[in-house]
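Chain residues, written in single-letter form:
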Amino acid sequence: MRIEKHPILTFPKTEDIIFIFEGKKVKGIQGDTIASALHALGIKTLSYSIKEHRPRGFYCAIGNCASCNMIVNGVPNVRTCITPLEENMVVERQTNKGVVK
Amino acid sequence: MLNKTGIPEKELVLSRFPNQKALLKPKAILECYEDIPCNPCSTSCPFDAIEIGPNINVQPHLLVDVCTGCGVCVPSCPGLAIVIAQIRGNDAVFKIPYEFLPMPEKNAVWDGVNRSGEVICDALIEQVVINKKQDHTAVVTVSVPVEFLHDFVTIRVKL
Amino acid sequence: MIEKDLIIIGGGPSGLCAAKTALEAGMEVLLIDRSPNLGGQLVKQTHKFFGSKAQYAKTRGFDIAKKLITDLEKFEKLEIKSNTTVTGLYSDHVVTTYDNHEYLRYQAKAVIVATGASEKFLAFENNDLPGIYGAGAVQTLMNSYGVIPGSEIVMVGSGNIGLIVSYQLLQAGVKVKAIIEAAPTIGGYKVHASKIRRLGIPILTSTTVKKAIGKDAIEEIEIVSLDEKWNEVPNSSQFISLDALCISVGLSPMHQLLSMVNAKTKFINELGGFVPVIDHHHQTSIPGIFVCGDAVGIEEASSAMMEGYLTGLYASNHLGKCHPNEKEMITHYENQLSMLRDGPFGIKTKVGLEKLREGNKHAE
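Protein chains in written order, with this note's numbering: chain A, 1 to 101; chain B, 102 to 260; chain C, 261 to 624.
Keep in mind the hints are simulated off the structure, nothing from the lab.
Cβ atoms here follow ideal geometry from the backbone N, Cα and C, with glycine treated the same way.
A couple of the hints might just be wrong.
So the derived label-pair ranges between C-beta atoms look like this [to be verified]:
1. A:Val-100 x C:Thr-356: 16 to 22 Å
2. A:Val-99 x C:Asn-491: 41 to 47 Å
3. B:Thr-169 x A:Ala-66: 39 to 45 Å
4. C:Pro-444 x B:Leu-260: 29 to 35 Å
5. C:Asn-495 x B:Asp-166: 56 to 62 Å
6. B:His-237 x A:Ala-66: 35 to 41 Å
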């Protein structure tokens with residue numbers, strides 16, 4: 001859910017960015033990181049832990065904890081919390097250590 | 102109690118209120134109870150009515166007779182710990198900082214709230230001022246029945 | 261190998277201030293940050309800062325970030341690389357970077373590490389469920405990206421960050437059900453706590469979270485009371501339903517690059533964990549590698565800025581390029597730092613810094 005009105009900040013309307021999440025076309029906005037766009041769409045599970053496949057989500061937001069690692073355009077271990085969203089990015093959940101194809 | 106709950110004890114609050122005679126004119130109430138390194142209240146006062154001095158770890162001290170109740174200090178305090186208070190007949194009139202949406206509107210009646218967050222009375226919104234200098238901290242003039250002079254601290258929209 | 265005079269790793273308040281004084285001293289500077297934007301944690305701070313005019317008191321954090329960044333615009337000898345991660349730091353001042361496109365190697369004459377801190381974590385059952393965030397992360401989501409983290413939140417930790425972020429959550433329209441604090445007293449400034457209490461948010465001291473409950477995301481937490489010995493009080497469980505939990509239990513310096521060069525570090529609780537040992541010029545045990553800001557001890561942004569200005573001056577001096585007003589500026593910023601640390605809130609830092617310098621030939 002996005003903030004429309006805020007007592008201190010203004011969030012100007014910006015362009016939509018179309019990207020693909022788990023095979024489906026979805027929308028983010030200019031200025032989003034991949035993780036913030038997914039969050040705005042209500043997607044909280046960003047990855048699954050390697051051994052137990054426990055759902056993992058956004059935690060530190062500064063590219064430090066690896067909880068938000070996803071496969072972006074085929075490249076694994078992308079820290080989606082600090083990676084700016086780009087048009088037509090293909091984003092998938094990662095469930096292993098990250099295999100470079 | 103302040104350290105455990107965030108609510109200052111009654112005696113502490115009263116210690117920051119000038120006497121009833123002085124409050125016939127508006128005066129600043131500086132509810133800053135800790136030695137935080139901070140001094141924008143003092144540097145903002147156009148009348149030099151708030152004393153801190155070169156060591157900014159000292160709590161601010163109000164020179165009651167110098168204070169005109171202009172309210173410039175209200176949005177200057179990063180802790181939102183300053184209000185202006187005045188006794189006006191049967192009312193206590195306050196200028197309080199406010200940083201939420203929706204903003205109150207003139208003549209609306211909101212809930213008056215005490216330091217524990219409890220609704221204690223009705224609060225009549227008399228004026229809402231926001232200008233660039235205040236940097237998004239509105240200063241709201243609100244009046245409550247005078248018996249709540251030492252209890253009222255902020256407003257809340259009626260549900 | 262690309263040559264640079266000075267590389268500053270970290271574009272938060274400390275790094276930005278270090279860049280300013282170093283550039284004024286005539287150094288050629290490369291400023292690197294792994295985030296898309298400069299400003300570090302300041303960019304999402306919507307509250308007004310404390311301190312004095314020199315620390316931009318009563319200015320909102322994101323406006324301070326803008327000022328610090330604007331201050332650097334006039335310098336031609338500054339190169340900025342954002343969205344770039346430093347992958348290696350070496351004792352001969354080589355810095356390697358990766359920005360998702362290319363891997364580069366730089367040869368600097370001196371390096372300032374201003375990497376800041378990361379949030380500590382709390383051990384409790386199911387603490388890895390989605391919907392559990394660091395408080396700083398929630399701030400970033402809300403204030404930088406305009407995304408609400410949830411609709412009903414509980415905050416764990418009543419230090420300044422926990423109190424401030426709770427207030428900011430309320431400003432964003434999120435319901436804060438409670439702030440939980442394991443200690444018997446509130447950790448942060450009481451003005452922040454008072455603001456929260458006026459808004460009707462309970463602060464539960466001597467309470468901690470025992471368990472998070474939920475299938476794909478957090479739905480509920482179990483909290484318990486603690487006695488004076490920090491042990492769980494039996495039969496004190498309560499359950500709170502929520503859709504987001506914020507953890508704000510302190511910060512830890514990000515010293516990892518310094519460990520990579522084998523800089524001497526010490527574990528000092530008062531400073532937040534492992535910190536590099538420094539001399540009076542903020543130089544680590546590796547000559548030519550300096551550190552400032554939260555990376556060398558957790559404090560406020562105000563101190564990080566003063567340390568940054570100082571370290572930019574020290575690093576320039578080390579390379580023989582003295583700032584034209586070096587002496588007065590050093591005196592001025594050291595006095596500011598002293599004053600910021602002079603009150604009761606500075607005691608912990610002063611104790612920590614003494615321990616850091618204690619028994620250290622290098623630190624003499």
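Do the hints match the structure? See the list:
Restraint check, Val-100 of chain A to Thr-356 of chain C: a C-beta distance of roughly 19 Å satisfies the suggested window 16 to 22 Å. Restraint check, Val-99 of chain A to Asn-491 of chain C: a C-beta distance of roughly 46 Å satisfies the suggested window 41 to 47 Å. Range check, Thr-169 of chain B to Ala-66 of chain A: about 57 Å between beta-carbon atoms, so the 39 to 45 Å window is missed. Evaluation of the 29 to 35 Å hint for Pro-444 of chain C and Leu-260 of chain B yields a pass: the beta carbon distance comes to about 34 Å.
Here the CB-CB span from Asn-495 of chain C to Asp-166 of chain B is close to 57 Å, well matched to the stated 56 to 62 Å. For His-237 of chain B and Ala-66 of chain A, the hinted distance range of 35 to 41 Å is satisfied, since their beta carbons lie about 36 Å from each other.
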